[in-house]
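Protein chains in written order, with the numbering used here: chain H, 1 to 655; chain A, 1 to 158; chain G, 1 to 187.
No lab work stands behind these hints, which were simulated from the structure alone. From the three backbone atoms N, C-alpha and C, an ideal C-beta is built for every residue, glycine too. One or more of the hints may lead you astray.
Claimed, not checked - PhoX-like mimics (lysine-lysine), calculated; alpha carbons at most 25 Å apart, straight line:
{"#": "1", "chain 1": "G", "residue 1": "K148", "chain 2": "A", "residue 2": "K98"}
{"#": "2", "chain 1": "H", "residue 1": "K569", "chain 2": "G", "residue 2": "K148"}
{"#": "3", "chain 1": "A", "residue 1": "K98", "chain 2": "H", "residue 2": "K400"}
Said to hold, decoys possible - Computed footprint of chain H on chain A, listed as stretches where at least three residues anywhere in the stretch have a Cβ under 8 Å from a Cβ of chain H:
{"#": "4", "stretch": "9 to 18"}
{"#": "5", "stretch": "27 to 34"}
{"#": "6", "stretch": "37 to 44"}
{"#": "7", "stretch": "51 to 65"}
{"#": "8", "stretch": "87 to 99"}
{"#": "9", "stretch": "102 to 109"}
{"#": "10", "stretch": "115 to 122"}
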Amino acid sequence: MFAAGGVSSSLGRAFLLVGIIGSLFGALASISSARSRDRTVARLIPRFAILIFAAAVGAFATMEYAMITRDFSMAYVQKVGSTATPALYNFAAVWSALEGSLLMWVLILAGYTVAVCFWLRKKMDDVLANWAMGVMFIVSMFFFLLSFGPANPFAAGAPGVFDGPGPNPLLQNHILVMFHPPLLYLGYVGVTVPFAFAIGALVTGRVGEGWLLATRRWTLFSWGFLTFGIILGSWWSYEVLGWSGVWAWDPVENASLLPWITATAYIHSVLVQERRGMLRVWNLSLLVSTFSLTILGTFLTRSGVLNSVHAFSESAIGPWLLAFFAIIVIVSIGLIGWRGDRLHAPGSIDSVVSREGAFLINNVLFALFAFVVLLGTVFPLIVEALQSRSITVGEPFFDKLVAPIGLAILTIMAIAPVLPWRKASAELLSTRLFWPAWCGVGALGISVVVGATGFMPLLTFALGGFASGSALRQVVLATRKQGLRGLVGRTNGGMIVHVGVIVIAVALAASNSFTHSQELFLKTGTPAYFSGHSFELIKIFEETTDRAISVKALISIDGGKAYAPAITKYTKIGMNIGTPSVKTGILGDIYLTLEPPIKQDSGEAHIKVFIKPLLVWLWIGGFLMAIGTVLAAFPGRRRKPTDATSALIGSNDVE
Amino acid sequence: MSTSNKLNNKYSWIFMAAIASALLLFGGLRDSGPRSQQDRIDAITSQLACPTCQGESVYVSRASAAEAIRAEVARQVGSGLRTDDETIAYIEQRFGSKVLLLPRSTGIDSLVWALPIAALICGAAALGVVFRKWRTADDGDPSADDSALVDAAMASDS
Amino acid sequence: MLSEKKVKPVAPIAATVVGIVLVCLLWVLVGAKPNPSDNADSPLLGQPAPAVVTTTLEDKPFDLSRRKGSWVVFNFFNSTCVPCRIEHPELLTFAQNQLSTDNPAELYTVINDDDDTAVLAFFAENKGDWQKIRDNDGAIAVGFGVAKVPETWIIDPNGYVRLRIAGQLSEGLLDEQMSILKVQFGS
Chain H
1 MFAAGGVSSS
11 LGRAFLLVGI
21 IGSLFGALAS
31 ISSARSRDRT
41 VARLIPRFAI
51 LIFAAAVGAF
61 ATMEYAMITR
71 DFSMAYVQKV
81 GSTATPALYN
91 FAAVWSALEG
101 SLLMWVLILA
111 GYTVAVCFWL
121 RKKMDDVLAN
131 WAMGVMFIVS
141 MFFFLLSFGP
151 ANPFAAGAPG
161 VFDGPGPNPL
171 LQNHILVMFH
181 PPLLYLGYVG
191 VTVPFAFAIG
201 ALVTGRVGEG
211 WLLATRRWTL
221 FSWGFLTFGI
231 ILGSWWSYEV
241 LGWSGVWAWD
251 PVENASLLPW
261 ITATAYIHSV
271 LVQERRGMLR
281 VWNLSLLVST
291 FSLTILGTFL
301 TRSGVLNSVH
311 AFSESAIGPW
321 LLAFFAIIVI
331 VSIGLIGWRG
341 DRLHAPGSID
351 SVVSREGAFL
361 INNVLFALFA
371 FVVLLGTVFP
381 LIVEALQSRS
391 ITVGEPFFDK
401 LVAPIGLAIL
411 TIMAIAPVLP
421 WRKASAELLS
431 TRLFWPAWCG
441 VGALGISVVV
451 GATGFMPLLT
461 FALGGFASGS
471 ALRQVVLATR
481 KQGLRGLVGR
491 TNGGMIVHVG
501 VIVIAVALAA
511 SNSFTHSQEL
521 FLKTGTPAYF
531 SGHSFELIKI
541 FEETTDRAIS
551 VKALISIDGG
561 KAYAPAITKY
571 TKIGMNIGTP
581 SVKTGILGDI
591 YLTLEPPIKQ
601 DSGEAHIKVF
611 IKPLLVWLWI
621 GGFLMAIGTV
631 LAAFPGRRRK
641 PTDATSALIG
651 SNDVE
Chain A
1 MSTSNKLNNK
11 YSWIFMAAIA
21 SALLLFGGLR
31 DSGPRSQQDR
41 IDAITSQLAC
51 PTCQGESVYV
61 SRASAAEAIR
71 AEVARQVGSG
81 LRTDDETIAY
91 IEQRFGSKVL
101 LLPRSTGIDS
111 LVWALPIAAL
121 ICGAAALGVV
131 FRKWRTADDG
141 DPSADDSALV
151 DAAMASDS
Chain G
1 MLSEKKVKPV
11 APIAATVVGI
21 VLVCLLWVLV
31 GAKPNPSDNA
41 DSPLLGQPAP
51 AVVTTTLEDK
61 PFDLSRRKGS
71 WVVFNFFNST
81 CVPCRIEHPE
91 LLTFAQNQLS
101 TDNPAELYTV
111 INDDDDTAVL
121 AFFAENKGDW
131 QKIRDNDGAI
141 AVGFGVAKVP
151 ETWIIDPNGY
161 VRLRIAGQLS
171 EGLLDEQMSI
181 LKVQFGS
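Turn these sequences into a full structure, and let the hints guide you.
Written out as structure tokens, the structure reads:
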């Protein structure tokens, strides 16, 4: 088992084995402590958590060491390592393919396990905490097993190999590749924590509100990083892939979006449970779905069942992931069914037109959203399994169905923040929504004046204006009452996140509906014109590094700053990659790509120009969401320790 | 905000709705100008799937097969002989139905459209039922567990 | 005594429904195989072949319609594609064997997304003196619906497409199929 391969291989696998054993015993200790309430056993739990974290760090460090020292005795280094790759990209090459990214999953999961353990350090004799730790250990054990067995990154490679092709060239030419996967994984893997507590609550029967509040920040943390990771991925896609878009409804993108959808529904729906103790089944189902979807998503993209832009290879891990998914779903549904009686809500929703009603409608809308995305992703698979013919379900399908759902969500986003709990009268609504509604009409007016056409984009702009009016109303009222403190806390931070979402929705509508492109054949010295801009080819030049030869065309836009789209040939792999060059502006981006064939001495360049309206606002919106999430994580008014558990938590609601 | 209260009455809302509808109709129905050839090419290639990459459209993909199809579409749009649908049909005749990004509405493929609509109707119906029930339900009936607890306590008291 | 109200078993019912749906999904996914390779079907089988007008590597004109009267075999090729290189000896054998038949099929290599020098270098090294024709912009590939190389197509003397082989040619496959077709469609 350890014989083949060098010392690194054996060391790495040894670490993973320690991880497996550590998580197995950690799980046993947790469950035993939960059932027997034995404090000596409970004291063991943190030790196992630290052990598996050390094992995960050790395994990951061994992999990085092998990659940095270019240890080509390992198959994985042979696959993605190269003497020519620069140090930074080489470091990131570890997570550029399946086995290494699973190792990163193990590392982050072990990190979360030990972090949760530290957070629970004073409550280790609590039964629910024990069960939660048990679940964390079991999930960790599964991933350690995957990394030890079917997706072994430390496997020995063919002898006599002294260099490799390096990671896929698309993963070597932009610094974002360093950040997008780890940050996304922080979110993706992080949803294990609320899931573990959900299982703990179901098993112990303590399905009340206490554990929800306690895990709020964990959920927000994971959700925040998941959001941030997805946005970074879109940014990378825009900067690198050369088709000027940010989202292609690719199966891997969908796999990361699905848990985000259910997690977003959860963080809203949980407010109803905190306030009124209702929607418990919804909340537990949403949490369970979020975690299950991460496993399902990993299965769909890693098993080779579907192919996509970044599904790395067919692998033996498919059956394992599917089996794990099946177990999670069956156990969770069983638990929810078993505890059904305790999940019956003590109260009921009084009126549709109330915040509870709005959140319930929100849940249904998001569930529909997730259903559409999941259906579109697996439908080709289903048809292929049933009829043995291949069909494709692509962007137009998702755009057509998701757009109306998006509009409905924008509408709810506009109305819900002004809705009071329990019941609202028409008079109240019309007072509070008056100015936001005029904002919407104003936004509609501006769009029409600026020249926008088409019902869907115009509706998006109008509803966006309406919803942002509503969100800003809340923030303005809160800051008037509390000064700067009015920007902090769940409600106000949440409103800023909403504004970020609205900005993103508007930017997406604008760039999807109003993008125009043109192919231009430029000759040095003669400018060409498109969409009110001039493009002049200044020169074509070549840049050679030891891993690639880039042919770049220097193009001056509107007689000003020059941009250089390129075609790069990676000599080791023999792949040609186009690299776009983007001029960013507040009202829109000008996106340039260089089309092959390009000859350096010809003085001619065939380029494609894309005009992307409002595209930079996607990133501004993302930034606002990040700020809002951080603000929302701050406590609002503190809970008094003498309050009953079900007392209203201090909220920044201004009415 | 007394100005606000004075302005906020039924007529303001009707006025607002009228303006909004007018703007929406005007903007939605007006002509966005003639489509350039490149716009037509982009629209057509957005509906075709790149045959070697699962799920990506020809518009998005940078694969060589996608480049070839883009070139063919550009040729056909340039010649002006075919409409968008005819060009798409031409490509479909060569590559098979897997090159269509929007599943057809026949046979089992139509499920991909029917199921979301069915889900929407179910969701809306369920919401309707639930809301109606809640309006007429009485609060505070105890669960079986709670009843048993109370019974036990009362029995031990007496 | 508090009246006992039967709690509606919403959760277990919902759980069962979701469970059933998921079991179906899992059953389908378990049965799903990773993508099958393209089958050799094509909407063009039995139809007139698309028009092919281009130039050969020697810059002579080539027009498929003028090849009527002979069997024509198109092999879509790219010098960097590994299966193309592996199947090359098959083509050599096939070309050789055809010379001894009474109606030899004409073999053409259709260059797919490659430059002339690379192709010439390949054939210089690996032999094969049949005509190689250019496919500018991939028009011929799109005409036939060829997305991935290698692919081999057989067109009968009347200009109708009779066979499509997607992927690498296995040993003797081309000779065998050619004989079958010649018998089936006469001469």
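Here's how the hints hold up against the structure:
Taking the CA atoms of K148 (chain G) and K98 (chain A), the gap is near 14 Å; set against the 25 Å cutoff, the hint holds. Between K569 (chain H) and K148 (chain G), the direct Cα distance comes to roughly 21 Å. Compliance with the 25 Å bound is thereby established for this hinted pair. Annotation: proposed proximity of K98 (chain A) to K400 (chain H) holds, straight-line Cα distance about 19 Å (limit 25 Å). For the stretch 9 to 18 of chain A, the stated coverage by chain H holds: 3 residues have a C-beta nearer than 8 Å to a C-beta of that chain, and at least 3 were required.
Residue count for the stretch 27 to 34 of chain A with a Cβ under 8 Å from a Cβ of chain H: 5. That meets the three needed, and the coverage hint holds. Taking a C-beta to C-beta cut-off of 8 Å, the stretch 37 to 44 of chain A contributes 3 residues in contact with chain H, enough for the three needed, and the coverage statement holds. Coverage of a stretch by a chain is defined here by at least three residues with a beta carbon nearer than 8 Å to that chain's beta carbons; for the stretch 51 to 65 of chain A and chain H the count is 9, and the condition holds. Here's how the stretch 87 to 99 of chain A fares: 3 of its residues keep a CB closer than 8 Å to some CB of chain H, so the rule of at least three is met and the hint holds.
Taking a C-beta to C-beta cut-off of 8 Å, the stretch 102 to 109 of chain A contributes 4 residues in contact with chain H, enough for the three needed, and the coverage statement holds. For the stretch 115 to 122 of chain A, the assignment as covered by chain H holds, since 4 residues bring a beta-carbon within under 8 Å of that chain's beta-carbons and 3 suffice.
When each numbered hint is compared with the structure, no violation occurs for any of them.
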